[in-house]
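Student: As given, the protein sequences belong to chains A and B, one line each in that order.
Just so you know, my numbering puts 84 at position 84 of the first sequence, and the rest follows in order with no gaps.
Just so you know, my numbering puts 1092 at position 92 of the second sequence, and the rest follows in order with no gaps.
You may find that some hints are simply not true.
Okay, derived cross-link-like pairs now, EDC-like style, lysine to aspartate or glutamate, Cα gap no bigger than 20 Å in a straight line [unchecked claim]:
| hint | chain 1 | residue 1 | chain 2 | residue 2 |
| --- | --- | --- | --- | --- |
| 1 | B | Lys1055 | A | Glu67 |
| 2 | B | Lys1055 | A | Glu29 |
| 3 | B | Lys1073 | A | Glu40 |
In case anyone wonders, no lab produced these hints; they're calculated from the structure.
Here is how the chains run, residue by residue.
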Amino acid sequence: MSDKPTAVRVYLARVRTALADLPASEIEEILEDVRPHLAELEAELGEGARVEALIERLGTPESYAAELRASGGYPPPSEGATQVLATTKNPSLAKPRIAFWGLVLCALALALFAFAAAVQVNPDGLLGALLFLPVFLISLFLLLKGGIEPVLALPEVGWLRQTLNKGRQQEDSGKALNYLASLKPAWWIVCAVVLVAFGLLLMLRSRGAVLLLPFLFVAGGAAVWAGPRVGRDRRLLWVAVPISAFVIGGILGGFGAAVDLISNRNSYSSSPSYYQSPSDRYGNDQLSYGNREIENVYAFDAEGKPLTEVYLYDEEGRPITLTRYGCERSSGTKEKIGEDNRFPRPKIEQGVTDDQGNYNGYNGYRSSCREEAGVPFSAAIPKVTAPPATTTPSAPATPSAPATTTPPATPTPTR
Amino acid sequence: MEISQLLKGVLDLAVLAVLREEDGYGYDVLRRLRSAGLNEVGDASVYGTLRRLYKAGLLTSYVVPSEEGPHRKYYSLNEPGRLRLAESGKTWQSFASTMNGLLGEAA
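Chain A on its own, in the form it takes in the complex (with noise of 0.2 Å):
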């Protein structure tokens, strides 16, 4: 074989490396384009020719395949991760790596303390910070050994910034976008004053919020100094983003903890024991004896026989209407079916059957919810000659007593 081929073939090896995270058909394509031009080309320069010739008429086999990307609108070889690139470029990508997810994260954390402070206005939240300071002084140290270009030159940054560009363009989104960039400059002001206005709140709560003032106010001056000129310098990011992540969170924390205070105005105005709603899901009241709710009442009488149908009122003739219970067949759980004061309430269980009907056997899989109608223990009653005793729970009385449905044994008071 002559040099003829191999002055083309080398020139297009280093087009085809240059263009390595292309689809490898897209390549084929492009070179099928070219492949002609240079064999005449080298045609043209005749026998013996050799890459140089080709570079001094073409360009360097790099630039021309910069050109070939540019024009043919294929994305920049940094934005796309190549085989070729990503071997020798992953040792290198860690750093900014951790310099950028760094940032990210503890600007999330700060967001979240800061939003926990702010509900229950209380500093001693932010300390829960200090333990993020390490994450971001290496995040940060990293960022100004390395500088900012290989953080933007990370993929995922990449993306973030072309997801940005296509809502810019966008006529919608923007126009929103749009929108908020005109409000950057307000925004870095809302940081300070927020801030400032964050600490005094919290030194009225605490005093140990003194001692975070002064942080707060270099905080509040680096927004207003530092906010304007990220555009011109990213690094600067380093402290735009979390102060902005903190004033976001603080913000919401204080609107959260604003709800908060008007929502307990208002509970306390109208009982001020409830704290808890004492309704069920179906707006019917609950019946609660000190802090435990209950679901059932049973009742029986003087010789100890449970009474069956006994209905419920009130010290004023009102019925202490509950919420019934049922068994939905075909799902099998536990539904509404009315609401009455009649107790005792049959007992629903709920739990898995198997192919056999067996009731929460090992195969069970499909659930299943079953009704027990009867009482399912028994009450010692104290004669009234007799002093006080205490009901236990003893050996089933009824027939169907599994011992698994025999609630916890619990004293009941008598007089």
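Since the structure of chain A is provided, determine the placement of chain B on it from the hints.
Tutor: Coordinates of chain B only, in the frame set by chain A:
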């Protein structure tokens, strides 16, 4: 003013135009552009543009074996390509006449 700067905006149109009458492979297209007077056009730019127009569905391609040398991949204008050429052509005409009007006294 750099002609290469101006070319960036109209290379698509120029490539579509030289394929209007006759199909051509990459080097053909380049030569036609050059012989039409666009000497500044870069080789690789033409090939890149051809690929982009092809991917945009404005061109179709077919391969013709060659007696000497590598086979040649011909590009031809399809219906969407012709529509685009007509459209962009009109845009260019009105743009060019506007510019001419603007420069009437200056030039």
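Student: Which of the listed hints are broken here?
Tutor: none
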